[in-house]
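> Listed below are the residues making up each chain.
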Amino acid sequence: MTGPEIDRLMTLLGRLPGLGPRSARRVALHLIQKRDAAMLPLIAALSDVAERVRPCGVCGNFDTRDPCAVCADPRRDDSALCVVEDVADLWAMERAGAFSGRYHVLGGVLSALEGVGPEDLAIPALEARCAGGAVREVVLALGATVDGQTTAHVIADRLAEVAPGLTVSSLGQGVPVGGELDFLDDGTIGAALRARRPV
Amino acid sequence: MAVEWRDEAIVLAGRPHGETSLLVSVLSRTHGRHMGLVRGGVGKAARGLWQPGNRLHVTWKARLADHLGTLSGEMADALAARVLGHGDRLAVLAAICAVAEAALPEREAFADLFEDTAALLALTADPEAPALADLTAAYVRWEMGVLADLGFGLDLTACAATGATEGLVYVSPRTGRAVSAAPGAPWHDRLLPLPAFLVAGEASPGVSAEVARAGLRLTGHFLDRHVFVATRSAGAPPARARLTARLEARGDIG
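As they're listed, the protein sequences go chains A and B.
Take the first sequence: its letter number 141 is residue 141 in my numbering, and every next letter is one higher.
Counting from 1 along the second sequence, just add 1000 to a position and that's the residue number in my numbering.
Wrong hints could be hidden among the right ones.
[As the list claims (entries may be wrong)] One side of the interface only, derived from the structure: several residues of chain A facing chain B at Cβ under 8 Å:
(1) Ala-112
(2) Gly-117
(3) Asp-120
(4) Thr-145
(5) Gln-149
(6) Thr-150
(7) His-153
(8) Gly-187
(9) Thr-188
(10) Gly-190
(11) Ala-191
Just so you know, the hints here were simulated from the structure itself, not pulled from any lab data.
As the structure is a prediction and not an experimental result, all values here were calculated from the model.
The beta carbon of each residue, even a glycine, is placed where N, CA and C say it ideally should be.
The shape of chain A in the complex, shown without the other chains (with noise of 0.2 Å):
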C-alpha cells in the first residue's frame, strides 16, 4: 500500500513517546499532505535542534550554547541551586516561574533494579558545584518516590561532607492547586497533613 520510504518515516514515528503505529500513520499522511506547512518547517527544526542543541556544560539543561541561557543569565541567583531529575523537570521549574536560582540536572535518580548508582548520576559534578563556595542553598527537587527520596537522602549526606554549612532543603508535599481531599490518595493526605502550618 505504501513505499519502503513512508513505512521507513512510519516505522521511525511510531518509535516515539506517546505515539503508537496508528497514530504514526496519521502523523505520516499529515505531514504528506502538508508538506509546505508542516513537513518543510518540521525537517528545518529537527535538522536546526539536531545540530546546534547540546548538553549545558554547567547544569545538564539542553541549548544551543554552552553555558546555556540559564546558567548564563546574569539576572539568576547563584546562591541557589535546584537539583531535578531531568531536562524536563528544569523545563516544568521554569514554567512554573517560582524559582530565579540556577538548575542542576541528575539525569535520573537511584534504582536498584535498573542498576543506577550515585556514579551514574551527576552527583559527582554537583558536589564539585556546591564545594566551591557560592551555593548556599541546594532544593532537591526530586520526585515523591522510595526511589527520588532515597536520591534526595543520599545526595544530603554527601554535600553534608563536601560543604558542611550549606542548606539542603526538599520540595514539600501535600494538596496540588485545585485538589480534593476526597479525590487524593492516602499517603498524600497524610504528607499534607504532617506538613500543616498555621492560617
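Model the placement of chain B on the given structure of chain A, informed by the hints.
Chain B alone, transformed into the frame defined by chain A:
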C-alpha cells in the same frame, strides 16, 4: 481457563514497561513473591500506589497460571509515604524491599516471612520508630528469618565445639553455628562476631551502631554465600550497601 487470585501483598519493586505500564513485583501472603503487569501503573493516579513498601489488596489475573498476568490493587496501608522524609527509615525500607526482591524465589509462599516483613515495615514507618541502630537490629533479625526460610538458617542456640549455651560470641562463617569465647579464641580473626541481640532470649534495646553493623556483616556474609550467588542478582542489592554505609557514617551514636 483464566486464573485469578486475591491476596494481601507488599510492593517490592516496579519498573516501567512501555510508556504506560509497570512491571511490579509483590510479596503476597499466600502466593509468595509474584510479578505482574500493572496497566496504567505509571499514570498519575496509580504511581503512588505501587511504591515499594506499600501494603495493598491485590488481584492477579492471567489466562494461564504460568503467564506473567496483570495486577491491580487497592491501598491497605500507604507505608512508603510515611517514610519518604526520613533518611534512616527510608534506607531500612529500601533495603527490606530490595533484599526480599533479590533473595526470594518467585511464586513460593512464605507466610511467616510475609508477617515478619509486614511487621518490620510497620515498625519502620511508625512515627515512634526506634533509632537507626535499633531498627537495623530488627532488620538483621528479619534477614535471619529470610535465611532460615530459604534453608540456610544459622544455629545460634549452642556452641558448635562444646555444646555450651552461654557465652556465645562468634559464628563460624562456614557452618553458621555459634561458637563460645574460649574455643573460638584461637580463630577469633576468622570467626564472625555474634551480636548479643541475636542470641536467643536476649532483648535488644539500645543497640550500638557498631553492634548493628556486626549484625549486618553476619547476615550479609551468609546471604552473599548462599543466596545472592544463586539468584539473578550479581551480589547484595545496592540498597543494603547504602543502609550499611548510613550506619557507618553514624559512628556509634546509634
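> Each hint needs a verdict: does it hold in this structure or not?
Verification of the supplied hints:
This hint holds: Ala-112 of chain A has a C-beta 5 Å from the nearest C-beta of chain B, less than the 8 Å allowed. Here the hint on Gly-117 of chain A is kept, as its CB sits about 6 Å from the closest CB of chain B, short of 8 Å. Taken as an interface hint, Asp-120 of chain A does not check out: its beta carbon lies about 11 Å from the nearest beta carbon of chain B, beyond 8 Å. A cut of 8 Å between beta carbons decides the hint on Thr-145 of chain A: the least distance to chain B is about 6 Å, and the hint holds.
For Gln-149 of chain A, the interface hint holds, since its Cβ comes within 8 Å of a Cβ in chain B; the closest pair sits about 4 Å apart. Interface hint status for Thr-150 of chain A: upheld, as the beta-carbon distance to the closest one in chain B is roughly 5 Å, under 8 Å. With a cut of 8 Å, the hint placing His-153 of chain A at the interface with chain B holds, because the nearest CB-to-CB distance is about 4 Å. Checking Gly-187 of chain A against chain B by beta carbon gives a least distance of about 3 Å; that is within 8 Å, so the hint holds.
At a threshold of 8 Å, the smallest CB-CB gap from Thr-188 of chain A to chain B is about 7 Å, leaving the interface hint in force. Taking 8 Å as the C-beta contact cut-off toward chain B, the hint placing Gly-190 of chain A at the interface holds, the least distance being around 6 Å. Annotation: Ala-191 of chain A was flagged as interfacial toward chain B, and the flag holds, the nearest CB pair being 6 Å apart, inside 8 Å.
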